[in-house]
Amino acid sequence: MDFVINALPLYWEGALLTIRLTLFGAVLAFVLAVVVGTLGTVRNRTARAVAMVYTEVFRGVAALVLLYWFGYSFVEITGFRLTTEFAAILALGLNIGAYGAEVVRSSINAVPRAQTEAAVALNMTWWRRTRLVVFPQAWAQMLPTFGNLVIELMKATAIVSILGLTDLTKVANDFRASAVADTFTVYAVALVGYFLFAQVLIVLVRLLERRANRKLGRPTDDSLLGLLRPPSIGTTTGGAR
Amino acid sequence: MEPGNEPLIKFDSVVKRFGDNVVLDGLDLDVNAGERVTLIGPSGSGKTTILRLLMTLEHVNGGTIWVGGRPFSHMYRGDKLVPASEKYLREHRKTIGMVFQQFNLFPNMTVRKNVTEGPVHSLGVPKEEASERAVELLEMVGLADKIDAHPTQLSGGQQQRVAIARALAMRPEILLLDEVTSALDPELVAGVLDVLREIARETDITMLCVTHEMAFARDVSDRVFMFDAGRIAESGPPEQIFGDPHEDRTKSFLKAVLEHD
Amino acid sequence: MWDVEFTRLLIPALLTGLWVTVQATVLGYALALVLGLAVAMVRRVKVVGGIVFVVTEFIRTTPVLVQLVFIFSLSALSDVSPLTIGIVVLGVHYSTYTAEVYRSGIEGVAKGQWEACRALSLPSHRVWGAVVLPQAIRKVIPALGNYLIAMFKDTPLLFAISVPEMLSVANDLGGQYFRSFEAYTLVGAAFLLVAVPSAVVIRRLERRYAAV
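Chains as they are written, first to last, in this note's numbering: chain P, 1 to 241; chain E, 1 to 261; chain W, 1 to 212.
Think of the hints as simulated: they come from the structure by calculation, not from any bench. Just to be clear, a hint being listed does not mean it is correct.
What the hints assert, rightly or not - Between beta-carbon pairs, the in silico distance windows are:
| # | chain 1 | residue 1 | chain 2 | residue 2 | range |
| --- | --- | --- | --- | --- | --- |
| 1 | W | Asp79 | P | Leu10 | 30 to 40 Å |
| 2 | W | Pro197 | P | Gly226 | 36 to 46 Å |
| 3 | P | Arg214 | W | Leu122 | 14 to 24 Å |
| 4 | P | Leu10 | W | Ala30 | 47 to 57 Å |
| 5 | W | Ala30 | E | Asp185 | 35 to 45 Å |
| 6 | P | Asp182 | W | Val109 | 41 to 51 Å |
| 7 | E | Gly34 | P | Gly217 | 29 to 39 Å |
| 8 | W | Arg44 | E | Ala149 | 51 to 61 Å |
| 9 | E | Lys87 | P | Arg113 | 51 to 61 Å |
Stated by the list, open to error - Computed far set for chain E versus chain P, every beta-carbon distance over 12 Å:
| # | residue |
| --- | --- |
| 10 | Gly34 |
| 11 | Asn61 |
| 12 | Glu91 |
| 13 | Ile96 |
| 14 | Glu129 |
| 15 | Ala163 |
| 16 | Ala190 |
| 17 | Glu259 |
Being a predicted model, the structure only gives us computed values, none of them experimental. Backbone N, C-alpha and C fix where the C-beta goes; we use that ideal spot for every residue, glycine too.
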């Protein structure tokens with residue numbers, strides 16, 4: 001127990017990197033997901049092809065492989081060295097962004113066509129239709145899956161420990177290597193840290209979901225316990241609906 | 001061409017296919033400004049397609065649609081008519097409003113936003129002005145107290161009256177009504193039809209209605225078109241169509257519909 | 001720019017790595033399928049189900065990489081091979097996902113089906129085995145397939161516990177020859193080569209089963 005109390009500040013330092021990577025990775029992934037996902041719904045074939053190539057490539061390659069590529073191979077062909085942290089944000093953002101793009105695309109396609117037609121009848125431009133009518137409705141549908149993705153992203157940040165960055169995982173690895181405490185305690189603390197972080201993320205996404213559903217005039221579960229209910233995992237990939 | 005003599009809406013040998021299914025087969029149809037026209041006929045006879053073509057939700061496979069003496073489904077490039085671009089359509093469909101069978105209100109917006117969205121963002125009407133107009137229109141449809149409600153809090157009949165207000169807010173010259181009471185519970189139909197009767201009485205908007213409400217069709221229309229298999233089987237004033245139909249197809253259709261009522 | 005000589009040397013080595021990857025994926029996935037089904041069924045039991053739920057949530061929301069090094073370190077003195085540890089940890093981790101998939105499939109079975117079973121007084125092994133699971137699993141086959149691909153893409157993590165899979169092979173050779181560009185690019189390409197066609201297969205499955 002003494003070990004845990006004394007070691008907490010160091011764990012916290014590691015956790016800060018984990019949080020930072022999750023945050024920046026999520027921002028990058030979100031932007032990519034919205035842009036590429038929307039591209040996937042337009043009529044222009046070239047735009048759709050670009051969106052498809054991006055999603056297939058970055059969903060297909062493991063985040064760790066991407067990280068090695070950006071961390072080590074990138075400098076060999078460009079002569080430009082990325083910091084490991086930046087490489088990690090790129091790898092994670094591109095990877096999760098590709099999953100997110102599928103979610104955005106299928107959610108937009110799931111908004112009833114009649115909604116677009118009503119917007120055309122009001123003579124709205126494509127941009128206004130998408131921004132004011134289609135996206136707000138798709139948003140409520142995206143959120144639960146985004147919740148799962150941000151947790152996947154958070155978990156995936158642990159890979160930076162393999163490249164020597166001091167995140168929550170690396171702190172635990174170092175403690176174990178220095179044998180200051182037993183293996184079980186050292187890793188249990190790290191795992192609990194990740195678990196708590198995940199719970200915070202779940203609550204945040206739940207709050208966003210409630211807001212989105214309220215805006216659509218849908219009933220929301222306003223209980224406190226409802227906030228902690230983890231989002232259920234989708235049973236289909238994007239696409240098929 | 002004098003605008004007064006020219007029909008407001010003109011379908012010139014319009015063809016519309018969905019895959020192998022020919023819905024409209026060389027249709028000719030004229031509607032004059034201010035006229036109230038009702039389209040009746042069995043389902044699948046192409047009535048709704050006519051409205052959807054006018055709203056530019058579908059595009060013709062042949063022939064041309066003219067509105068106000070100008071090409072509508074097409075535009076001039078030099079002397080030649082080519083399919084209209086999105087930009088051209090956006091400029092020209094401003095004058096047309098539509099009410100849908102399933103209302104299609106935007107669930108993410110309040111009633112007020114639903115009604116002001118079009119005027120503010122596609123016509124450039126100032127917000128306050130659009131909002132005042134929304135209040136007037138909602139008063140007309142009897143829903144002024146619901147202005148800040150969400151569509152999901154309204155009954156079907158109320159949603160449809162909001163949808164009518166939303167369409168009128170665009171100050172359309174042409175109003176398309178696509179089976180606007182078909183999705184409603186029977187006790188809510190009358191309220192919606194009353195609103196439409198009032199519009200017919202108070203305004204000179206050109207109206208095209210697809211409906212199965214024969215009494216309503218008889219009351220408001222100047223002309224009734226009986227459709228069958230993508231063609232006009234018969235057309236004429238309501239007294240003639242309902243009182244003295246000439247075609248067998250019309251007789252059997254009316255018999256079936258009226259017996260059902 | 002692209003070193004062809006080095007590539008010739010890399011490819012056979014990467015193939016041995018791929019074989020390890022495939023073993024880990026197939027065996028780990030088999031474990032995830034079986035264990036996940038057990039978890040999904042146990043979760044319907046009152047108190048025990050609640051405890052199982054908390055445990056699976058904990059496993060699901062924490063990094064599999066930490067779980068790998070954790071179990072690997074704990075068993076450092078035993079003679080269990082790293083590959084076995086990798087298979088078990090990946091299998092257990094992914095069983096928390098497959099359990100959710102099975103659960104949604106089971107909940108998707110109409111209530112009337114359960115009631116009909118009650119009306120016929122079917123024994124519970126027939127209720128599950130003949131009525132509920134055949135309907136539930138059919139619907140979730142595409143979702144389960146997705147987790148097979150996801151698991152395949154997590155196998156590079158085994159590198160961290162010194163399993164000689166593809167990424168570790170690339171890392172060794174890349175370090176030896178001071179060329180990491182070809183090594184890591186080929187690993188990425190190998191993943192694409194497997195992942196893209198399997199994504200196509202899953203989409204086919206979705207079209208076939210989602211309609212039911």
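Hint check results:
no.	hint	verdict
1	W:Asp79 <-> P:Leu10: 30 to 40 Å	holds (33 Å)
2	W:Pro197 <-> P:Gly226: 36 to 46 Å	holds (41 Å)
3	P:Arg214 <-> W:Leu122: 14 to 24 Å	violated (44 Å)
4	P:Leu10 <-> W:Ala30: 47 to 57 Å	violated (39 Å)
5	W:Ala30 <-> E:Asp185: 35 to 45 Å	violated (54 Å)
6	P:Asp182 <-> W:Val109: 41 to 51 Å	holds (46 Å)
7	E:Gly34 <-> P:Gly217: 29 to 39 Å	holds (38 Å)
8	W:Arg44 <-> E:Ala149: 51 to 61 Å	violated (41 Å)
9	E:Lys87 <-> P:Arg113: 51 to 61 Å	violated (22 Å)
10	Gly34	holds (21 Å)
11	Asn61	holds (18 Å)
12	Glu91	violated (9 Å)
13	Ile96	violated (8 Å)
14	Glu129	holds (17 Å)
15	Ala163	violated (8 Å)
16	Ala190	holds (24 Å)
17	Glu259	holds (32 Å)
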